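Chains U and V, in that order, give the protein sequences. Mapped onto my numbering, the consecutive letters of the first sequence carry residue numbers 996 to 1154. Mapped onto my numbering, the consecutive letters of the second sequence carry residue numbers 996 to 1154.
Hints should not be assumed to be uniformly reliable.
Because identical chains share one entry, a pair is satisfied inside a single copy or across any pair of copies.
[To be verified] Simulated pairs of lysine to any residue, SDA-like, Cα-Cα distance not exceeding 25 Å:
hint, residue 1, residue 2
1, K1138, L1009
2, K1076, R1093
3, K1145, L1029
4, K1130, A1108
5, K1076, L1049
6, K1130, L1024
7, K1145, R1085
8, K1145, H1045
9, K1145, P1089
10, K1145, V1131
11, K1130, G1008
12, K1145, R1119
13, K1145, D1088
14, K1138, E1128
15, K1138, R1104
16, K1145, S1120
17, K1145, D1126
18, K1076, R1087
19, K1076, E1027
20, K1076, S1112
21, K1076, S1065
22, K1145, I1129
23, K1138, Y1113
24, K1130, Y1023
25, K1145, R1044
26, K1076, R1104
27, K1076, Q1041
28, K1130, L1029
29, K1145, E1033
30, K1138, S1010
Calculated directly from the structure, the hints in this document are not laboratory data. Computed from a prediction, not measured in an experiment: that's the story for all the values here.
2 protein chains.
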Amino acid sequence: MSCCDFSLRSDEGLSPEIRAMKGVYLLYLKIEELVDAEDLEDPLPQNARHMLLLLESPKRMGDLARDMLSQPSTVTALADKLEELGLVARRRDPSDRRAWLLELTEAGRAEHAETVSYAAELFRSVSGLDDDEIKVFATLMTKVRTTIEKSGLPKGPKA
Amino acid sequence: MSCCDFSLRSDEGLSPEIRAMKGVYLLYLKIEELVDAEDLEDPLPQNARHMLLLLESPKRMGDLARDMLSQPSTVTALADKLEELGLVARRRDPSDRRAWLLELTEAGRAEHAETVSYAAELFRSVSGLDDDEIKVFATLMTKVRTTIEKSGLPKGPKA
DNA sequence: GTCATTACTTCAGAAAATGAAGTATTCAAT
DNA sequence: ATTGAATACTTCATTTTCTGAAGTAATGAC
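Take the sequences, apply the hints, and build the full model.
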């Protein structure tokens, strides 16, 4: 009589949302571990990759700090490091000269694309989904991204 | 002419796997941030929550270290802390008395369930998916979890 | 029985994060 | 037009977390 059984039977009575989130967590952690394992020759700190992933579009450093639930000083240090690596660049927010926008450089976009691309390669084998299922999943994920991008958290740069 | 445009148009030419992974990343990071924000009165370190999530079933500490891509000493320290909090317990692996199995306690299972449950609550509003889409997504995620649990990474406790 | 290997712990040192104080800018109130 | 509270990020001393080598205990091939 083992505890924390992971079988389908333990899903009985769980809402679709919970089943969905359990899957998202496990899938993310799994892919993350494989991506990090692959990157051993040129590893970025976990939070550096996290930051690159969040910089789909330029963000204020304060907003990034809030997104990452860390102190502004943490973002400063991490941005320094990524700037040194040539992966991000700072530019002044024209609407508020106190603020800096952080954006990916060409190299940063490549790094970002590489991470996502590698994760995508892993996706099929890790997930066990077939072609049709992946297409359905991708369609749902596109809607999800659209929703998240629309709602934001917090506001991105003032247009 | 902005860079890193996140619109659907920028998805053109991307494989379903890449679109899937972009969504998984964004969804996970978003939910993670909201869950952490909620937990401010009794916050667990990020990696502590990560560990609780990985302990769906008892795991060897060495395996956990590999899953989390950290040193065994890191898992020792983190396990100490979670044990102090009453969230996990260590027990000897009967098949190898050098090894320890780490498992969730009643409180740990509650914490785990609470995290997933709260994330599930957020899921609907964050994702923007409707009832039918969530059910489809949950079905796909159940298959994903089954696949991941079957393949493991690395081996779990010897049965 | 021996000894190389494995599993986790300990601990000194390194790395990363925090939070208070600092500098520069903004903008509402006067 | 001026002022000062608030905001945005940086600096830096301190705290927290992680690493990796060395240690102890157990395993298993020979």
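Hints, one by one, checked against the model:
With identical chains, the CA atoms of K1138 and L1009 are at most 25 Å apart both within one copy (24 Å) and between copies (15 Å). When the C-alpha separation of K1076 and R1093 is checked against a cutoff of 25 Å, the pair qualifies only within one copy, where the shortest distance is 21 Å, while the shortest distance between copies is 40 Å. Taking identical chains as interchangeable, the C-alpha atoms of K1145 and L1029 lie at most 25 Å apart only when they sit on different chains, with a minimum of 16 Å there against 30 Å within one chain. Taking the closest pair of Cα atoms, K1130 and A1108 come within 25 Å of each other only inside a single copy of the chain (20 Å); across copies the shortest separation is 30 Å, beyond that limit.
For the identical chains of this complex, K1076 and L1049 are intra-copy neighbours only, at 16 Å inside a copy versus 30 Å across copies, given an alpha-carbon limit of 25 Å. When the C-alpha separation of K1130 and L1024 is checked against a cutoff of 25 Å, the pair qualifies both within a copy, at 22 Å, and between copies, at 22 Å. In this assembly of identical chains, the alpha carbons of K1145 and R1085 lie at most 25 Å apart only when taken from the same copy (24 Å versus 45 Å across copies). For a Cα distance limit of 25 Å, the shortest separation of K1145 from H1045 inside one copy, 20 Å, qualifies, whereas the shortest one across copies, 28 Å, does not.
Taking the closest pair of Cα atoms, K1145 and P1089 come within 25 Å of each other only inside a single copy of the chain (22 Å); across copies the shortest separation is 52 Å, beyond that limit. Taking CA atoms no more than 25 Å apart as the test, K1145 paired with V1131 passes in both settings, with 21 Å inside one copy and 23 Å between copies. In this assembly of identical chains, the alpha carbons of K1130 and G1008 lie at most 25 Å apart only when taken from different copies (14 Å versus 28 Å within one copy). Taking the shortest alpha-carbon separations for K1145 and R1119, only the inter-copy value of 15 Å comes in at or below 25 Å, while the best intra-copy value is 28 Å.
For a Cα distance limit of 25 Å, the shortest separation of K1145 from D1088 inside one copy, 21 Å, qualifies, whereas the shortest one across copies, 49 Å, does not. When the C-alpha separation of K1138 and E1128 is checked against a cutoff of 25 Å, the pair qualifies both within a copy, at 16 Å, and between copies, at 10 Å. Proximity of K1138 and R1104 under a CA criterion of 25 Å is satisfied intra-copy only: 23 Å inside one chain copy versus 32 Å between copies. With identical chains, the CA atoms of K1145 and S1120 are at most 25 Å apart between copies only, with a shortest distance of 12 Å across copies and 31 Å within one.
For a Cα distance limit of 25 Å, the shortest separation of K1145 from D1126 across copies, 20 Å, qualifies, whereas the shortest one inside one copy, 29 Å, does not. For a Cα distance limit of 25 Å, the shortest separation of K1076 from R1087 inside one copy, 18 Å, qualifies, whereas the shortest one across copies, 42 Å, does not. In the homo-oligomer, the alpha carbons of K1076 and E1027 lie at most 25 Å apart both inside one protomer (21 Å) and across protomers (24 Å), since each shortest distance falls under that limit. For the homomeric pair K1076 and S1112, the shortest alpha-carbon distance inside one copy (23 Å) is at most 25 Å, but the shortest distance between copies (36 Å) is not.
Both within a single protomer and between protomers do K1076 and S1065 lie at most 25 Å apart by alpha-carbon distance, with minima of 16 Å and 21 Å respectively. For the homomeric pair K1145 and I1129, the shortest alpha-carbon distances inside one copy (24 Å) and between copies (19 Å) are both at most 25 Å. Both within a single protomer and between protomers do K1138 and Y1113 lie at most 25 Å apart by alpha-carbon distance, with minima of 22 Å and 21 Å respectively. Taking the closest pair of Cα atoms, K1130 and Y1023 come within 25 Å of each other both inside a single copy (18 Å) and across two copies (20 Å).
Taking CA atoms no more than 25 Å apart as the test, K1145 paired with R1044 passes inside one copy only; the shortest distance there is 23 Å, against 28 Å between copies. In this homomeric assembly, K1076 and R1104 come within 25 Å of each other (Cα to Cα) only inside a single copy, at 16 Å, whereas the closest approach across copies is 38 Å. When the C-alpha separation of K1076 and Q1041 is checked against a cutoff of 25 Å, the pair qualifies both within a copy, at 13 Å, and between copies, at 22 Å. In this assembly of identical chains, the alpha carbons of K1130 and L1029 lie at most 25 Å apart only when taken from the same copy (22 Å versus 28 Å across copies).
In the homo-oligomer, the alpha carbons of K1145 and E1033 lie at most 25 Å apart only across protomers (22 Å), although the nearest pairing inside one protomer, at 33 Å, exceeds that limit. Proximity of K1138 to S1010 under the C-alpha cut-off of 25 Å is found in both arrangements, the shortest distances being 21 Å within a copy and 15 Å between copies.
Hint violations for this structure: none, all hints satisfied.
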